[in-house]
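Asker: For this one, chain A is given, so just place chain B on it according to the hints.
Line by line, the protein sequences are chains A and B.
Residue numbers for the first sequence follow the UniProt record's numbering, beginning at 1 and rising by one.
Residue numbers for the second sequence follow the UniProt record's numbering, beginning at 1 and rising by one.
Read the hints as simulated data drawn from the structure, not as lab findings.
Any given hint might turn out to be false.
If we take Cβ atoms under 7 Å as the criterion, some of the chain B residues that face chain A in the derived model are [as the list claims (entries may be wrong)]:
hint: 1; residue: T186
hint: 2; residue: G189
hint: 3; residue: R325
hint: 4; residue: I345
hint: 5; residue: G402
hint: 6; residue: D416
Keeping only pairs whose Cα atoms sit at most 30 Å apart, straight-line, the calculated DSSO-like set for lysine-lysine is [as the list claims (entries may be wrong)]:
hint: 7; chain 1: B; residue 1: K169; chain 2: A; residue 2: K269
hint: 8; chain 1: A; residue 1: K366; chain 2: B; residue 2: K403
hint: 9; chain 1: A; residue 1: K314; chain 2: B; residue 2: K326
hint: 10; chain 1: A; residue 1: K403; chain 2: B; residue 2: K236
hint: 11; chain 1: B; residue 1: K19; chain 2: A; residue 2: K314
hint: 12; chain 1: B; residue 1: K2; chain 2: A; residue 2: K267
hint: 13; chain 1: B; residue 1: K432; chain 2: A; residue 2: K403
hint: 14; chain 1: A; residue 1: K169; chain 2: B; residue 2: K314
hint: 15; chain 1: A; residue 1: K269; chain 2: B; residue 2: K371
hint: 16; chain 1: A; residue 1: K211; chain 2: B; residue 2: K314
hint: 17; chain 1: A; residue 1: K366; chain 2: B; residue 2: K236
hint: 18; chain 1: A; residue 1: K314; chain 2: B; residue 2: K211
hint: 19; chain 1: A; residue 1: K47; chain 2: A; residue 2: K144
hint: 20; chain 1: B; residue 1: K44; chain 2: B; residue 2: K19
hint: 21; chain 1: A; residue 1: K236; chain 2: B; residue 2: K326
hint: 22; chain 1: B; residue 1: K366; chain 2: A; residue 2: K267
hint: 23; chain 1: B; residue 1: K314; chain 2: B; residue 2: K432
hint: 24; chain 1: B; residue 1: K366; chain 2: A; residue 2: K326
hint: 25; chain 1: A; residue 1: K326; chain 2: B; residue 2: K326
hint: 26; chain 1: B; residue 1: K236; chain 2: B; residue 2: K403
hint: 27; chain 1: A; residue 1: K19; chain 2: A; residue 2: K144
hint: 28; chain 1: B; residue 1: K267; chain 2: A; residue 2: K326
hint: 29; chain 1: A; residue 1: K432; chain 2: B; residue 2: K403
hint: 30; chain 1: B; residue 1: K269; chain 2: A; residue 2: K366
hint: 31; chain 1: B; residue 1: K109; chain 2: B; residue 2: K2
hint: 32; chain 1: A; residue 1: K19; chain 2: A; residue 2: K47
hint: 33; chain 1: B; residue 1: K432; chain 2: A; residue 2: K2
hint: 34; chain 1: A; residue 1: K314; chain 2: B; residue 2: K371
Note that the coordinates shown come from a computational prediction; the quantities given were computed from them, not determined experimentally.
For each residue, glycine too, the CB sits at the ideal point set by N, CA and C.
Protein chains: 2
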Amino acid sequence: MKVVKFGGSSVADANQLRKVTEIIKADPERKAIVVSAPGKRHSKDTKTTDLLIALGESVQINVKNQVIYDQVIERFASIIRELELDHSILSTIQERIDAACALIKTDLKRGMDSLKSCGEDGTALMLSAYLNKRELESSYVNPKDAGIFVSDQPGGALVLDESFDQLYKLREREGILVIPGFFGYTLEGDLVTFSRGGSDITGSIVAAGMKVDLYENFTDVDSVYCVNPMIVDQPKELKTLTYREMRELSYAGFSVFHDEALIPAFKEKIPVCIKNTNNPSGDGTMIVAELPEREGHVAGIASDSGFLNLYVSKYLMNREVGFGRKLLQILEEEGISFEHAPSGIDDMSVIIRDHQLPQEKEECVKERIMKELDVDTISIERDMGMIMIVGEGMNEAIGIAGKATTAFRDAEVNIDMINQGSSEVSMMFGIKAEDLNRAVQSLYRAFF
Amino acid sequence: MKVVKFGGSSVADANQLRKVTEIIKADPERKAIVVSAPGKRHSKDTKTTDLLIALGESVQINVKNQVIYDQVIERFASIIRELELDHSILSTIQERIDAACALIKTDLKRGMDSLKSCGEDGTALMLSAYLNKRELESSYVNPKDAGIFVSDQPGGALVLDESFDQLYKLREREGILVIPGFFGYTLEGDLVTFSRGGSDITGSIVAAGMKVDLYENFTDVDSVYCVNPMIVDQPKELKTLTYREMRELSYAGFSVFHDEALIPAFKEKIPVCIKNTNNPSGDGTMIVAELPEREGHVAGIASDSGFLNLYVSKYLMNREVGFGRKLLQILEEEGISFEHAPSGIDDMSVIIRDHQLPQEKEECVKERIMKELDVDTISIERDMGMIMIVGEGMNEAIGIAGKATTAFRDAEVNIDMINQGSSEVSMMFGIKAEDLNRAVQSLYRAFF
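The shape of chain A in the complex, shown without the other chains:
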């Protein structure tokens, strides 16, 4: 038995939904189907979810944008027309959108979450109807009905343990089950969405709950590459990766698979296969628990920009019990989540994602740290990039750090920060964001 998830580009239009149907048809093991909202049909197109968010923002300020509203409806209407589905489906979708817009006025967060979920929900309704039309017995299953229970964190829900036993019962249902991704329900019955890109999470939760043999994740690339193909031309394809490798790669810019989505699959040791809807006969990339055989120890190189370094120094810092803790507590109180906090003897750096500490908050945070911790100097450096070299067993391999640092030198890139050893499967480098591509290209030459 398999759970299959189709991403936004795989359900972007009627033609893509026909491909999806062929894929489902080709393998009777494909029991539960999780779908995203219709994504981009071409590079200049807008994703349905982005349209829905823009619509919601206009409703918030009481000037509902009718142009956007019409565009959203047309995204669904065009698919329903082309696939010759019953027109009542469009009415159902439209009613849900209208209800969500109304809810925004009384409860902003719940309303926005409801509206954001309409893309996935509509896709599931349409796909289920089309499968039936193509004589594949199928039913739309709402996440509440499926048993996807989540914490009450709008736009960032976490799955509750109660879900998994419920989901296991889906195995007994007749036919193919089509489930919208991206959202679940609180135990009180309110709709809450996962973080953006959360359909991957739904797929993983359903796969774990149903204890299937394989979780297939269909997207628009043939496989996971060892490095971003926008930076290195035609990089090596990865046939196999471990869960840990994939999670670390996702963290720093490997957007092919949602950062958190692996966890449920990992816990149940369900293998994940990344495949291409537009080339379903390709092997794709398998994500598994056991270290695959491979040449060398490095699986991939990820890179991401948008970090900043908050640097403080104070004499005898290392003598002051609780200094590091207090610094992190101030950030916590200011609602700032940090990534890393490497420290020297008399100095400490805190690496933070740019958006966590906007410019306008900078002065206030600096002042609190100055005043409450009596530091000698404090500075914030933005435009930092991170590079992560990922591979199982690299913590045991001699010489990987040497090879990496030599590659940075060859590219004439100064390393601002090295963090190695805290993770068993990765090594992290902080450099100036402008040097990222040059450094990644040099690392690729060194390792592959």
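Answerer: Then chain B, alone, in the frame of chain A:
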């Protein structure tokens, strides 16, 4: 005007005190003299302070060790005999020791601090008497009289700001002032010692308070070497170092100068000169504020063992706001001070000095972290060593990390941890303690 400090080996016996007197005599700028307790006279000898601590420990359990007591008294008696000083000095020293032993029974911490201070105090009494005998006008100045006020942290006092104005007035006193190192007094008048080796701290505080032109620190080596001469044979001598470089080197095993002792001198920008009592005409090593001219960017390589790595992992750790802070808070509550806390995405390491987390405390700390933070795995790896490469401007230099990691590879040493970028003047490597010497030798070959 100069402040001069003489270390334990420089005042170990009568002959050494004669050398000290010649040094003082040679330069009339040498106004204030700070002395340690008599140190080792030969490699198998025991330092007076170690004898005093052992004596105190026997008193604590009500079985005063008379053999040790007699040895302590004889250390002073032999010097007084040889230098033909007034016998009343021995009585004064003996009375102080007896009083401290008595105090231990009613107030353990105050008594131990008093007893530990008797070595420095006795040396100051003897040296002052000897200088007068040699017709160098001099007086013994007790730290309370001098104005060395400290926080009430027995065995780990910190100087209070009030001290510096008081100390400035010492400039006006007649003759040479001989001050015992290692201890001060609380504002309430109780004697409290600095951390071990704290005579360097006294010297630095007095130099800063008196705003002298130079702080001379006499020890038993000709200069600071770029690497531990026990590990590398006849390493390069360092003519000049910056304060920051010296502080970072001291932290990881450069025992020539006390880790914290530089701060007062640094704050007043008073240059420090490390010289050899047994070769006073040598240049020694100057420690200054400005970056000296030198070949390459690396000043020295320090190494130290006795660290452990507390490693925890938990899925989605980086999503959990406050995780790092909570972990550090548990350690703080358990009275454990940490050195570094590098983190990955789902894991965090905390580097701790071995003695901070004794074996018997391990289970309890592990259990608290397990229970309160619900982590997936937790482990403690002992026998970790640290290597620090130190040099001004190395954070701007491309290729130093590459050179270093290549040297580790050449020595076939696996790097467990790299921490670079948090300090502007150092790069830190965690390796197995057993690999330390091999790695340092290889790094020395690479950089010098």
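Asker: Between A/K403 and B/K236, does the CA-CA distance stay at or below 30 Å?
Answerer: Holds. A/K403 to B/K236 sits at ~29 Å (cutoff 30 Å).
Asker: Given the hint that A/K366 pairs with B/K403, test it: the Cα-Cα distance must not exceed 30 Å.
Answerer: Given pair A/K366, B/K403 is violated - Cα atoms ~36 Å apart, limit 30 Å.
Asker: Take a quick look at whether A/K169 and B/K314 sit within 30 Å of each other, Cα to Cα.
Answerer: OK: A/K169 and B/K314 at ~29 Å, within 30 Å.
Asker: Between the alpha carbons of A/K47 and A/K144, is the straight-line distance 30 Å or under?
Answerer: holds (25 Å)
Asker: Given the hinted pair A/K236 and B/K326, is their Cα-Cα distance within 30 Å?
Answerer: violated (41 Å)
Asker: Need the status of pair A/K19, A/K47: alpha-carbon distance at most 30 Å?
Answerer: holds (19 Å)
Asker: Is the Cα-Cα distance between A/K314 and B/K326 30 Å or less?
Answerer: holds (22 Å)
Asker: If you draw a straight line from the CA of B/K267 to the CA of A/K326, is it 30 Å or shorter?
Answerer: Holds. B/K267 to A/K326 sits at ~25 Å (cutoff 30 Å).
Asker: Holds or violated: A/K211 and B/K314, Cα atoms, limit 30 Å.
Answerer: holds (22 Å)
Asker: Is the shortest C-beta separation between B/D416 and chain A less than 7 Å?
Answerer: holds (5 Å)
Asker: Take the C-alpha atoms of B/K366 and A/K326, compute the straight-line distance between them, and say whether it is at most 30 Å.
Answerer: holds (22 Å)
Asker: For the pair we were handed, B/K236 and B/K403, check the Cα-Cα distance against 30 Å.
Answerer: Satisfied, since the Cα-Cα distance of roughly 19 Å is no more than 30 Å.
Hints 1, 2, 7, 8, 11, 12, 17, 21, 31, 33 and 34 from the earlier list are contradicted by this structure; the remaining hints agree with it.
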